[in-house]
Amino acid sequence: MMVFTFRVFSSILMNELDHTSSEPVEGDNRPLSNARLAVLVLVAAEIMFFAGLIGTFLVFRLGSVTWPPPAQADVRLPIGVTGLNTIVLLLSGYTMLQGLRAIRHDRHKELKNWLCVTGILGVIFLAVQGSEWVRLVHHGFTLSSGVYGSVFYVLIGCHALHVLIAVLWLLAVFVRAIAGRFSMNHYVGVEVCAIYWAFVVVLWPLLYVLVYLI
Amino acid sequence: MMRRYFLLIVGVTVLALLIPAAVEACPSCKTIDDPIVQGFKWSILFLMAMPYIVSGLIGGGVFYVYYRAHRADNRKSPSNIKGV
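Chain order of the listed sequences is V and A. Numbered according to the working numbering, the first sequence spans residues 1 to 214. Numbered according to the working numbering, the second sequence spans residues 1001 to 1084.
By construction, these hints were calculated from the structure, which means they are not laboratory data. What you are looking at is a predicted structure, and each value in this text was computed from that prediction instead of being measured. All clues stand as given, with none of them false.
Have a look at the derived ranges for each label pair, beta carbon to beta carbon:
#1 V:Ile87 with A:Ile1036: 31 to 41 Å
#2 A:Leu1057 with V:Ile178: 29 to 39 Å
#3 A:Leu1057 with V:His108: 24 to 34 Å
#4 V:Val41 with A:Tyr1005: 39 to 49 Å
#5 V:Arg101 with A:Phe1063: 20 to 30 Å
#6 A:Gly1061 with V:Ala127: 25 to 35 Å
#7 A:Trp1042 with V:Ser150: 15 to 25 Å
#8 A:Leu1007 with V:Leu53: 39 to 49 Å
#9 V:Leu206 with A:Ile1019: 36 to 46 Å
#10 A:Gly1011 with V:Leu37: 40 to 50 Å
#11 V:Arg104 with A:Arg1075: 13 to 23 Å
#12 A:Leu1007 with V:Gln72: 54 to 64 Å
Glycine residues also receive a C-beta, built at the ideal position from the N, C-alpha and C atoms.
Based on the provided sequences and hints, a complete structural model is requested.
Put into structure tokens, the structure is as follows:
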């Protein structure tokens, strides 16, 4: 999985570098570039990865008569704060979309602003998640707190890791946007980042409902 | 010969519909009231459906992008206009 992810990222980077260093090849008018297709395949692999985790969660959740299990009955997950955090992440999806629209209309300054706002919202999401985790660990709810702890930290932790990767990717795109590497005719770098960002944003409400609310 | 096979298939199908317990392959599925069995059942159904959903969504998306591009090309190309 890691090797595959690395290969996809490197292929996207190489593809992008190739396109920035030269004009598009004449006659190459494919509607879907290699970079976009690679990110779609990556997202498909990520969906299957999370499907496996959700499948495991369903076995434990539906398999137990009481949820949380009696041993962790006193654990209270931060439903309200995480609900607000969900809104923050959904908002970041909207701002990312606005950034993409901006570069499609060749509005460079707007692109930089929207990317910056998206990154800040992503960092806020991670910071709030991190602070809630610290609070839960202080209350004695850790990865080894039975099935409940394992399922919670693995599912939510994997998503947080993906958000972190998305933020780092966004940072790279932002740096390139400052350098003026994107234009109305060449914005594949922004687009593939937006696809990945959309994935982490769309996945989160599902995880929130499954883990926090049900 | 064909008629015999047809009757055999119909007979097995009717048997499966009338006595489902006789054709259940999974031994743990016999006790369907057990929560852990329910958990496994829904998890298996979910994981079974996912590859089709993912490939359907992404494959459908790719097909749509190509279809839209093809349609746009046809609109642009004057040779596709009748009488030209």
